[in-house]
Amino acid sequence: MKHRFLFLCGLFLPFGVLLGWTGYLTYTSLTAQQVIVAVKGYDPLDLFSGHYIQYEIDWEKTNCRQFPEGYCPKSQFADIPRRYYLPEQAAEKIDRLMQAQNTVSVRFDMVFSYIKGRQPIARMLLINNQKWFDYLNNERKK
Amino acid sequence: MFECLLLVLILFLVLFQQNKTDFMTFLKHSKIISKNQLSQIKLHEKQYQINLLYKQKLISNEQKKRLLQQLEKPAKKQSGQKFRRHIIGGGVICILAGIIALIASNWQELSSVAKLTGYFIVFAALTAHFAVLFMKNKKRELWLWLNVGWIFAGIALIGQIFHLNGSGWDVLFFGALLSTPFISLSRFKYAVSLWSLTYGAGVVFGSSPEWAFLWILAVLPIVLFFKNNKPAAWVWCVSFIISLLNTLWFSQLAKAFTNTFMPLAGAWIFLAVLFSIVCVCRRIIGSCAFTKVLRSVFYIICFCTLFGADYTYSVQEVVLTPQKMLTSVWGIFILAALPFCAVGLFLKDKKTAYIIWAFSLILAFCYTFITFQSAGFILALIVFAVAALFFAHKQKANSFYACLFLIVLRIWLQYFVYTVSLTGVGFGLIGIGLLLLCGRHLLFHASGKETQ
Numbered sequence: 000m001k002h003r004f005l006f007l008c009g010l011f012l013p014f015g016v017l018l019g020w021t022g023y024l025t026y027t028s029l030t031a032q033q034v035i036v037a038v039k040g041y042d043p044l045d046l047f048s049g050h051y052i053q054y055e056i057d058w059e060k061t062n063c064r065q066f067p068e069g070y071c072p073k074s075q076f077a078d079i080p081r082r083y084y085l086p087e088q089a090a091e092k093i094d095r096l097m098q099a100q101n102t103v104s105v106r107f108d109m110v111f112s113y114i115k116g117r118q119p120i121a122r123m124l125l126i127n128n129q130k131w132f133d134y135l136n137n138e139r140k141k
Numbered sequence: 000m001f002e003c004l005l006l007v008l009i010l011f012l013v014l015f016q017q018n019k020t021d022f023m024t025f026l027k028h029s030k031i032i033s034k035n036q037l038s039q040i041k042l043h044e045k046q047y048q049i050n051l052l053y054k055q056k057l058i059s060n061e062q063k064k065r066l067l068q069q070l071e072k073p074a075k076k077q078s079g080q081k082f083r084r085h086i087i088g089g090g091v092i093c094i095l096a097g098i099i100a101l102i103a104s105n106w107q108e109l110s111s112v113a114k115l116t117g118y119f120i121v122f123a124a125l126t127a128h129f130a131v132l133f134m135k136n137k138k139r140e141l142w143l144w145l146n147v148g149w150i151f152a153g154i155a156l157i158g159q160i161f162h163l164n165g166s167g168w169d170v171l172f173f174g175a176l177l178s179t180p181f182i183s184l185s186r187f188k189y190a191v192s193l194w195s196l197t198y199g200a201g202v203v204f205g206s207s208p209e210w211a212f213l214w215i216l217a218v219l220p221i222v223l224f225f226k227n228n229k230p231a232a233w234v235w236c237v238s239f240i241i242s243l244l245n246t247l248w249f250s251q252l253a254k255a256f257t258n259t260f261m262p263l264a265g266a267w268i269f270l271a272v273l274f275s276i277v278c279v280c281r282r283i284i285g286s287c288a289f290t291k292v293l294r295s296v297f298y299i300i301c302f303c304t305l306f307g308a309d310y311t312y313s314v315q316e317v318v319l320t321p322q323k324m325l326t327s328v329w330g331i332f333i334l335a336a337l338p339f340c341a342v343g344l345f346l347k348d349k350k351t352a353y354i355i356w357a358f359s360l361i362l363a364f365c366y367t368f369i370t371f372q373s374a375g376f377i378l379a380l381i382v383f384a385v386a387a388l389f390f391a392h393k394q395k396a397n398s399f400y401a402c403l404f405l406i407v408l409r410i411w412l413q414y415f416v417y418t419v420s421l422t423g424v425g426f427g428l429i430g431i432g433l434l435l436l437c438g439r440h441l442l443f444h445a446s447g448k449e450t451q
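If you read the sequences in order, they're chains A and B.
The first sequence begins at 0 in numbering that gives the first Met the number 0 and counts up by one.
The second sequence begins at 0 in numbering that gives the first Met the number 0 and counts up by one.
It should be emphasised that the hints constitute simulated quantities derived from the structure, not laboratory data.
Just so you know, even glycine gets a beta-carbon here, dropped at the ideal spot from N, CA and C.
Label pairs and their calculated CB-CB ranges:
#1 23/A to 87/B: 42 to 48 angstroms
#2 58/A to 117/B: 36 to 42 angstroms
#3 87/B to 78/A: 43 to 49 angstroms
#4 30/A to 124/B: 27 to 33 angstroms
#5 116/A to 108/B: 34 to 40 angstroms
#6 141/B to 62/A: 53 to 59 angstroms
Isolated chain A (complex conformation) (with noise of 0.2 angstroms):
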């Protein structure tokens, strides 16, 4: 019964180990503090394109003092993934959009969970203030 159980247990291991990670992102995500950071695009293609967009932090445009510590931790934001995945058909036009950043007046943001010290973690894409999608489904009623 004992050895069962013991069995039982490294099996599960797996499925606690992630259910367990996912539980503490999720916590953090939601918990944390919420920036905004602006982003303009960098180029996307490769073999996989099509389904993120890949995007660069424009520290020019984002408001600084929304951060605890008063600056942009530029650092911190380093390392952070810089590929946003998307549907199929939005990403592409999303993508024609950053690209045409500079002469289409387009602003683009990102919504970061942000706690000092730790990797912030990417929320949603704001395109002028608005969430993507809901950019997109005014767009087409447009």
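Mind docking chain B on chain A? Use the hints.
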């Protein structure tokens, strides 16, 4: 550009096909067809014995005919059944892949909570089902590998939902660690080799190799719990060696050469050291289980180092270029060489195997200097190479045609994802799967009626 390369590749394959006589000589040389010949010899022996019985008038002419018919029937029946099973298997795989592609193309329409809930429900069900099968001592290998695949899928899913940092190598490392309990229970002969490949690649090329050796201490209790299983001991042994070598050598010395062309030199030195260890151990201990593990580690790390060195050299830019396309053809050439190499090694024709392996490595390193590569494509290559090795070793399918199939599949998918979209690929795959199943039904149903 891509079409031109495709034409060149087809031309190469046609030429290769025309030289089939040479190919057959090679097969004979490496004793690949010996198994088939052996079964034919056995059949001839039995036929000879029946004829002998008839000559000695121990059986009548009718009895002799019946016996001969019975001898021939099962072989034909078995090969027919196998062929039917392969078609059904191919059809089902195509349909499943198509469904996965369709889900993938509409993936972002689902909410994060729905994705994660669905994932964990399926995971719990899979693990519970495997546990039940294991306790009842029933066939469970397929479910075991489904669990392993599901772990990797989960890591990728969580990473995607929370937009986490980390390379593909980290996914391999973490996935291999979590799948350790399942691998320890596997009955598949090469489970440990596959696991080592994954773990080794993750450790050597992951973002925090220094921690690998400490991580293994965490795995140790799990493995010790399954200590009665032979694979468990192997898992521990392999992971220990990889981690130790990595910590002592790769992370300390080879890292010093980063950002120059020196990773390649570092890789060569690393291979040389490993090869020396294998040679020395074989000389001292002889051929025992420990040296077998070392040898398999050597082959696996050869492979990882080759791709890893390539990755380190060209990690900076991820842009679609003609060079990348050229590199893909290089990958295909390597893949084409791998089955021969593997077959040669497995059948102990070491001289041929080493020549081909060395040739592939030299070719690969030459191309590495003049081309660029992306991480995702390397991973895809590794997956296909493992599949090719598996086919080659199993010898259930002709290694050459298996390799051709993989190459065509890779090109086909790449081409269609670009031109049609993933949704189109999904529908295409489902269509092919249905065609295979319907074709198989029509073909064999008709032939069944004729024979009746």
